[in-house]
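Each chain, written out:
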Amino acid sequence: MSVQSSVEVHTEWGIVSARQAGRNLAKEIGFGSVDQARVTTAISELARNIYLYAEKGEIIIETIEQYHSSGAKKGIKITAKDRGPGIKNIREVMEDGFTTSGGLGAGLPGVKRLMDDFDIDSVVGEGTVITAVKWLR
Amino acid sequence: MHAAVLEMIYNQRNEIKENWSEKMTLVRNDVFKEKVPKTLFQDTNEEFAALIFNSFDAELEDGRAFLRSFAEKLIRMGWPLSYFTKGMQTFRRVVLESISSGSEIPSKKMYETFYEIEEWVDEMVNQLVDEYSGSWETTLHQQRLALKELSAPLIPVFDNISVMPLIGTIDTERAKLIMENLLDGIIEHRSQVVLIDITGVPVVDTMVAHHIIQASEAVRLVGAECILVGIRPEIAQTIVNLGIDLGKFPTKSSLRKGIETGMELTKRQIINV
Amino acid sequence: MRIPILKLQQYLLISVQVDLDDQTALQFQEDLLNKIHQEGSAGVVIDLTSVEMIDSFIAKVLGDVVEMSNLMGARVVMTGIQPAVAITLIDMGIILDDVPTALDLEQGLEKLQQELEE
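Residue numbers (my numbering), protein chains in the order written: chain X, 1 to 137; chain R, 1001 to 1273; chain W, 2001 to 2118.
For the record, the hints were derived by calculation from the structure and aren't laboratory data.
These numbers were taken from a predicted model, which means no experiment stands behind them.
Treat the hints with caution; some may be incorrect.
Stated by the list, open to error - FRET-style restraints, in silico, Cβ to Cβ:
| no. | chain 1 | residue 1 | chain 2 | residue 2 | range |
| --- | --- | --- | --- | --- | --- |
| 1 | X | 96 | R | 1173 | 18 to 26 Å |
| 2 | X | 55 | R | 1264 | 53 to 61 Å |
| 3 | R | 1171 | X | 96 | 22 to 30 Å |
| 4 | X | 13 | W | 2029 | 38 to 46 Å |
| 5 | W | 2040 | X | 5 | 47 to 55 Å |
Claimed, not checked - Here are the simulated lysine-lysine pairs, DSS-like style, with alpha carbons at most 30 Å apart:
| no. | chain 1 | residue 1 | chain 2 | residue 2 |
| --- | --- | --- | --- | --- |
| 6 | X | 112 | R | 1267 |
| 7 | R | 1267 | X | 77 |
| 8 | R | 1176 | X | 74 |
| 9 | W | 2007 | R | 1035 |
To be verified - Sample of chain X residues at the chain W side, in silico, Cβ under 10 Å:
| no. | residue |
| --- | --- |
| 10 | 16 |
| 11 | 40 |
| 12 | 44 |
| 13 | 45 |
| 14 | 97 |
| 15 | 107 |
| 16 | 110 |
| 17 | 113 |
Each residue gets a CB set at the ideal place from its N, CA and C atoms; glycine is no exception.
Could you build the full structure based on these sequences and the hints that come with them?
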């Protein structure tokens, strides 16, 4: 059974509770301190993007399992969903240093590097769904 | 397999086996680089032949188990897979030859017979290849673990100065582990200066250099300093030829010089008494 | 929430004890600059030993604090960045290379002293 928690993000406090939920789950399924920090930071980036660009949305954090010939592996999956304006040019936002918020422009490409799997699905005017997975080593 | 074929093989088993054993001596020269003792080779061939003939009348499961134990034995002895595949190919050739020379099989059934034998040989080979690759994957996995454990300790040499000798090839996974060891060690020993010694790293390409640069940046963030030592001439050449910029942190040719720099950075020096 | 800023002779000491949220970080930026102005401090040590996560926004705020303080004539040293935090920052491509660092508060103060003597 997968453990799942969902956090609404529409204030800055949503960012804080989302990353706390992420850290707790990461700790629970046995991630080391570095990977805990990676997962928490990725959640923080995703939640902040929702808050900054879509105003509200949700972060879903769950455990997942995948079966292989060499056994099963466990991981943590983050889904960030919003009904905001969508991303016009996905390639552009994935470039290092690209920013519309005056930040470091490390957000989305940073999340991609912090996590193992990363996927963006966005429709302009309808919203964005970003999923990112970190596997237990 | 077709009863007539089985019967034919069974009737001529001694002849087939003799033929096969003879041809296997050629395989020996082909497959093995080093000399294999003659008796060992013959004994193994005996067992191999028994395995083949047994596979005709044994139950499917028994045949499998027999094949598996034979595979394990070959792996243990370190014999190449080609010994088995060539052995099977030779066997097929011998059987087909005796079928075509004999008249027991009607010529119109010939194609069908060929096909059946082909299928049977393939099945045996596939199964053994599976065994071999399975065992190979396990070995690979164990070696990976062993390599991980070997992964770079941080050694404190003086107060606030530590050395991390890197040995062997550095891939992404190992680089991550090395970085964690390095940073945790810095905190534990309160090291202000870390010397990363790459004398034992055979190749420094862009990837490896990237990992080293990242490690040194992380070291700086936790509040220490990195000096890269043990840069051999050929490594210096590749670094420059690849256009890798290591200008941001100090490099020294030897561990000794690195330690002297480390002493300077921590406001100390070595003097003769 | 406000982060306490302590004064020690000509220095300011800050030990951040919680994971920073955006508002706290921005508030801290403002408080620190005011305090530097008020006290005419020559140096600042920001200790991050208890901080378990720094994302790109917080990193930006901290980097800005250093730059702004420098403009006001105060040197800033960051200390105690945890390995996990450092690795995460590097993963994201944030290297904060203009920010002086030290292992802990004690070495941070030493570093400040050295830099101010030069």
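For each hint, the structure was consulted:
For the hinted restraint 18 to 26 Å between residue 96 of chain X and residue 1173 of chain R, the CB-CB distance of approximately 23 Å keeps it satisfied. Our hint of 53 to 61 Å for residue 55 of chain X and residue 1264 of chain R holds, since their Cβ atoms are close to 55 Å apart. About 23 Å separates the C-beta atoms of residue 1171 of chain R and residue 96 of chain X, a value consistent with the hinted range of 22 to 30 Å. A hinted range of 38 to 46 Å for the beta carbons of residue 13 of chain X and residue 2029 of chain W is inconsistent with their spacing of about 19 Å.
At about 48 Å, the CB distance of residue 2040 of chain W to residue 5 of chain X agrees with the hint of 47 to 55 Å. Annotation: proposed proximity of residue 112 of chain X to residue 1267 of chain R is violated, straight-line Cα distance about 42 Å (limit 30 Å). Simply put, residue 1267 of chain R and residue 77 of chain X have alpha-carbon atoms about 49 Å apart, too far for the 30 Å limit, and the pair is violated. Taking the CA atoms of residue 1176 of chain R and residue 74 of chain X, the gap is about 19 Å. The hint holds against a cut of 30 Å.
This hinted pair does not check out: residue 2007 of chain W and residue 1035 of chain R have alpha carbons roughly 81 Å apart, beyond 30 Å. Because the beta carbon of residue 16 of chain X sits about 5 Å from the nearest beta carbon in chain W, less than 10 Å, this interface hint is met. Annotation: residue 40 of chain X was flagged as interfacial toward chain W, and the flag holds, the nearest CB pair being 5 Å apart, inside 10 Å. Restraint check, residue 44 of chain X versus chain W: the minimum CB separation of about 4 Å is within 10 Å; hint holds.
With a least beta-carbon distance of about 6 Å to chain W, the hint placing residue 45 of chain X at the interface is held under the 10 Å criterion. The restraint placing residue 97 of chain X at the interface with chain W holds, with a minimum CB-CB distance near 9 Å, inside the 10 Å limit. A distance limit of 10 Å between C-beta atoms decides the matter here; for residue 107 of chain X the minimum to chain W is near 6 Å, and the interface restraint holds. Checking residue 110 of chain X against chain W: minimum C-beta separation of about 3 Å stays under 10 Å; hint holds.
The beta carbon of residue 113 of chain X comes within 5 Å of a beta carbon in chain W, closer than 10 Å, and the hint placing it at the interface holds.
Taken one by one, the earlier hints fail for this structure at numbers 4, 6, 7, 9, listed in ascending order.
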